[in-house]
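Produce the complete structure using the sequences and hints provided.
Residue numbers (the UniProt record's numbering), protein chains in the order written: chain A, 1 to 209; chain B, 1 to 204.
Label-pair ranges, simulated between beta-carbon atoms:
| hint | chain 1 | residue 1 | chain 2 | residue 2 | range |
| --- | --- | --- | --- | --- | --- |
| 1 | A | V195 | B | D157 | 53 to 63 Å |
| 2 | A | T162 | B | D157 | 37 to 47 Å |
| 3 | B | T176 | A | V169 | 21 to 31 Å |
| 4 | A | T162 | B | S76 | 45 to 55 Å |
| 5 | B | T129 | A | L126 | 37 to 47 Å |
| 6 | A | I186 | B | D114 | 53 to 63 Å |
| 7 | B | E88 | A | D94 | 31 to 41 Å |
Since the hints were derived computationally from the structure, they do not count as laboratory data.
The beta carbon of each residue, even a glycine, is placed where N, CA and C say it ideally should be.
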Amino acid sequence: MTRKTKEIFSLGILKDNPIYRQMLGICSALAVTNLMTNSFIMGLGLIFVASFSSLTVSIIRQFTPKHIRMMVQTLIISAYVIIVDIVLKAYMPDMSEALGPYVGLIITNCIIMGRCEAFAQSNPPLPSFLDGVASGVGYASVLLIIAFFRELLGFGTVFGYTVFGDWWVNWIFMIMPPGAFFMLGILIWVANYYVPKESEEKPSMGGAK
Amino acid sequence: MKKFSFKPIAFMMVLTIIYTGVLATINEATIDRIQMNNQLRERKAFLYALDIDTSDKNAEEINSLYDDHVQEITVSDKTIYEGYKDDELIGYLLPIEGDAVWGELKAIIAVTPDFQEVLGIDFLSHNETPGLGGRIDEDSFKEQFRNITLDLDKEDDFIVYNPDPDGQVDSISGATGTSNAVRRILNNNLSIYISEVKGELEND
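Structure below.
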């Protein structure tokens, strides 16, 4: 792994994590994290969309007229999201139902557009692809951490497998929306305390506004 | 002013055509599967309304259960379904439709052949808020409809929520709009079925 690749991944997953650093994609992070399986599939969907959108945007970046680039990005992103939606509907109908409108809402997830605009627009295809993967993994890992605690405390299970016995009293609170707010808040607090910030002097790779 | 150029338009069109082509191909390739999934979901809902367990059953088993238990019939231009258990008619499945809070709601309700009792209900599609009105999909709400009696002397308020003295069902707290809409839709549809379909069925 080259130094550049390493840097892309460390930024995307830790130092410039889309959720707890850039505060993007919060809506879906709150919505789908009551079960780990949902979070996992949502994470995979986002990795797919983010990486391929970045790749495509990067490949055609030299031909794209500058002033319509946002429109082009939206078109590309929505096409990949529709692919994810169709594949889920066809091969994982239960999952498609559980995620409901949130699959379609990946289109409006600022992480993807943010990466297209901030990174893919000005970098070659391969690093852009990796950057999309890194951001997606960063997003997915945060989702899984939140979901782990919510599912464990709220249902007493992990990925649907029972962990706690009958003695466990489910915290209904954790599977309801407020539980997500508290978990996310705690996670951001812990992350900001322990994960080193990107050093101030280095020019930032950029995040979406 | 900047000079007008066709390039961006042409670029956008080419890109759109490419992506539309890709999506159309994928759609075409999976459409049968998606339709099959939807049909399976509907069949599960029908079986659920008849209180037939479909959990842990695969597609084939569900289809054969459906064939054993459900039969489509047409009565006075309405499509309804007969429910059988051990080759004996146990009730009718009535498709329900109406406008709930955020959009169209579709459900299926199973009643006994004399329309005096509800066997069960399941919702096929709706657009209610997840976590609030969307909780009508939860078993704890749907199970309440099992074996409640319908007073046929009434005109249209067959389903009554608690705490009314005649109440049979608890509405969902925090989702009064959806709860009331569900009641209204069920009562309206039931009243039509009872006045138009019930007599027709008895004459046969």
